[in-house]
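Trainee: One-letter residues, chain by chain:
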Amino acid sequence: MQGNIACAEGALAAGCRFFGGYPITPSTEVAEHMAKMMPKVGGVFIQMEDEIASISSIIGASWTGVKAMTATSGPGFSLMMENIGYAAITETPIVIINVQRGGPSTGQPTMSAQGDMMQCRFGSHGDFSIIALTPSTVQEMYELTVKAFNLAEEFRCPVFLMSDETIGHMRERIEIPDSVDVVNRKELEKGKLPYETDADNPVPGFPTFGHGHRVHVTGLTHDARGYPDTTNHKTHSDLVRRLVGKVESKRHEIADYDIAGTDAEIVFLTYGPATRTVRQIMKDSPDLKIGHINLRIVWPFPENVLKEFPNAKVFIVPEMNMGQIGREVARHTPVKVVYLPKLGGDMHTPQDLMEAYDREKALIGGGN
Amino acid sequence: MPSVSEWYRADRMPHIFCTGCGNGTVLNCTLQAASDMGWEIDDTVFVSGIGCSSRASGYTAADSLHTTHGRALAFATGVKMAHPEFNVVVFTGDGDLSAIGGNHFIHACRRNIDMTVICMNNMIYGMTGGQGSPCTPRGAFSTTTPYGAQEPTFDLAELAVAAGANYVSRWTTYHVKQLTDSIKTGMETPGLSFIETMSQCPTSYGRKNKLRQPLDMIEYLRDHSILISKKRRLEAEGKVIPDTTFAVGEFVRRSRPVMGLKR
Ligand SMILES: Cc1ncc(C[n+]2csc(CCOP(=O)(O)OP(=O)(O)O)c2C)c(N)n1
Ligand code: SF4
Ligand SMILES: [Mg+2]
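Line order of the protein sequences matches chains A and B. When you line the first sequence up against my numbering, it's residues 1 to 368, in that order. When you line the second sequence up against my numbering, it's residues 1 to 263, in that order.
Since the hints were derived computationally from the structure, they do not count as laboratory data. Here the structure is a predicted model, which is why all the values come from computation and not from measurement. Check the hints yourself; a few may be wrong.
Stated by the list, open to error - Listed next, with one range per pair, are the computed distances between beta-carbon atoms:
id: 1; chain 1: B; residue 1: Q131; chain 2: A; residue 2: E187; range: 54 to 62 Å
id: 2; chain 1: B; residue 1: E219; chain 2: A; residue 2: N201; range: 42 to 50 Å
id: 3; chain 1: B; residue 1: E151; chain 2: A; residue 2: H233; range: 36 to 44 Å
id: 4; chain 1: A; residue 1: E187; chain 2: B; residue 2: E40; range: 15 to 23 Å
id: 5; chain 1: B; residue 1: I16; chain 2: A; residue 2: P341; range: 24 to 32 Å
id: 6; chain 1: B; residue 1: Q131; chain 2: A; residue 2: H236; range: 24 to 32 Å
id: 7; chain 1: B; residue 1: L261; chain 2: A; residue 2: R225; range: 32 to 40 Å
id: 8; chain 1: A; residue 1: H233; chain 2: B; residue 2: T128; range: 51 to 59 Å
id: 9; chain 1: B; residue 1: E158; chain 2: A; residue 2: E248; range: 48 to 56 Å
id: 10; chain 1: A; residue 1: Q280; chain 2: B; residue 2: Q131; range: 44 to 52 Å
id: 11; chain 1: B; residue 1: L261; chain 2: A; residue 2: D238; range: 39 to 47 Å
Ideal Cβ placement from N, Cα and C applies to all residues, glycine included.
Based on the sequences and whatever the hints tell you, model everything.
Mentor: This is the structure:
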């Protein structure tokens, strides 16, 4: 099965019943599969007039209680930025699939990249928090899409599947389970205000349209009633701190990664395609001491994982960008961080990684 | 059947509209029409963009989605297609609808989604303090047309007709009765109904164009409107119609294929 199709199948399994999208390579197969499947499951597929409309439509759909998603790539992703912030401040559960391609601008439509990793985190103006998942296999395109929907429901924030052309267009055998664990919308309790929260429950219940809550939803800074309150410093400060905190304070519970070789001095930190390359060199050279962190969730960044490598002398971060997550790693550790950008559309080869490994090994010195 | 006053969100009063603003009139006509329709508040969703006019959604008692600038129709498309049982009403402004949201406007009309779209056309960007919009008449003054607007304007009603809306009308805040009836007709008509309301903004438009008093602006709107039937007759007779006038009345009522009908 192709990665993009696995993603669409995962969405359907998670209960997605609204898809609004606009064609763009290399994500289009997700939309095409949704166009085919939605009528069969009683859902809605709509091809919107652009990506701004696409994300608008899924936010609107989500307020009716439906699980909704869109899929895009670089140029379309850029168009979505304003309404990503709208989803964040209104706490609308939505899932956005970004099958990344080379940018900036129209860039390399058919080639792979990971250049939108910072954009998904910080692309919309203002402070807020999101969750971003990064599959490295077709199986994970399925599983992490399911997970993306569950996290969107749990945290009421935009959740991104930050895939790329390599994994999106890859074909692998996958196992589709008979059923998956699904988190459904948690309705606001009657008698509670729409944005009423406390320290233990920073995510409010959802006042689904038509359920009698008579909620006013606005992108303006709002109080617990949902009413605009745009000049009160405390209202704004409390709201923004909660939007950031509800995700960031749970980052170690949200964290999803696997690690290997925790006693190594040289540690690769990867997500997406480079994960495959590290696994390849570990398989090819079982005697080499290589540490590996594979992140399936990049945002919120699970910095505690770095502490699992007490002997680390260097973290090598191969990315298909100029070092976006590498910089995040460096922010959290006194250990040396080596950026290993790969641009142009190809994933890292075993040789790319071995050269970096050997270089660092020589600098560290000592035996293997 | 909820009364007009029940359709208001009382705990949000007073509203932010300036004294003499036309938006209150349009909101009231809309809620009167919703009440006349016998709609239930909990079956209705108001969606709006950004601008003074778009604040109207927040003063209704129903579920409401105050979205981003220009995007109300795209959000409303999601609401209505995901849940066709809702009555969906969109409030928008001339800038919101025809400048930043122009693409969504024509596509919503083309899809002919079953909802009612009410544009408060005050010929200006009211909320941001009076900049020119695509509907600012040629020669009119605004903060960004200090020497008089030079650009030709949009005729929003004709645009909606051309793009495919099933019901299109235009009235002014002077024509309260006709406006209310027209909104109700729009609500009854399957497909997208577009009701353009020429509305006074004494603060941002009037101030710059010697129409400071709300009443002056309402009189201006009355005096510059011409019934569409009369306009068409005069045109057929080859008469010259001053380009400072605008047609009011029902532009179209038809039954093109529709999306998002109640199941
Ligand atoms: C993307 C974006 N650009 C600009 C603005 C600033 N802005 C707020 S309201 C508005 C104009 C509103 O004009 P109109 O739609 O005619 O509504 P009115 O206030 O006249 O009712 C603008 C430009 C914004 N909020 N968002
Ligand atoms: S600025 Fe104009 S449109 Fe806005 S509330 Fe005041 S009068 Fe109405
Ligand atoms: Mg205006």
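Trainee: For each hint, tell me whether it holds in the structure or not.
Mentor: A quick look at each hint next to the structure:
1. Q131(B) <-> E187(A): 54 to 62 Å: Check failed, 42 Å falls outside 54 to 62 Å.
2. E219(B) <-> N201(A): 42 to 50 Å: Violated, since E219(B) and N201(A) (Cβ atoms, about 56 Å apart) do not stay within the stated range.
3. E151(B) <-> H233(A): 36 to 44 Å: Because 40 Å falls inside the window, the suggested range holds.
4. E187(A) <-> E40(B): 15 to 23 Å: holds, 20 Å
5. I16(B) <-> P341(A): 24 to 32 Å: violated, 50 Å
6. Q131(B) <-> H236(A): 24 to 32 Å: holds, 26 Å
7. L261(B) <-> R225(A): 32 to 40 Å: holds, 33 Å
8. H233(A) <-> T128(B): 51 to 59 Å: violated, 23 Å
9. E158(B) <-> E248(A): 48 to 56 Å: Because 51 Å falls inside the window, the suggested range holds.
10. Q280(A) <-> Q131(B): 44 to 52 Å: Hint violated: Cβ distance 58 Å, outside 44 to 52 Å.
11. L261(B) <-> D238(A): 39 to 47 Å: holds, 43 Å
Hints 1, 2, 5, 8, 10 from the earlier list are contradicted by this structure; the remaining hints agree with it.
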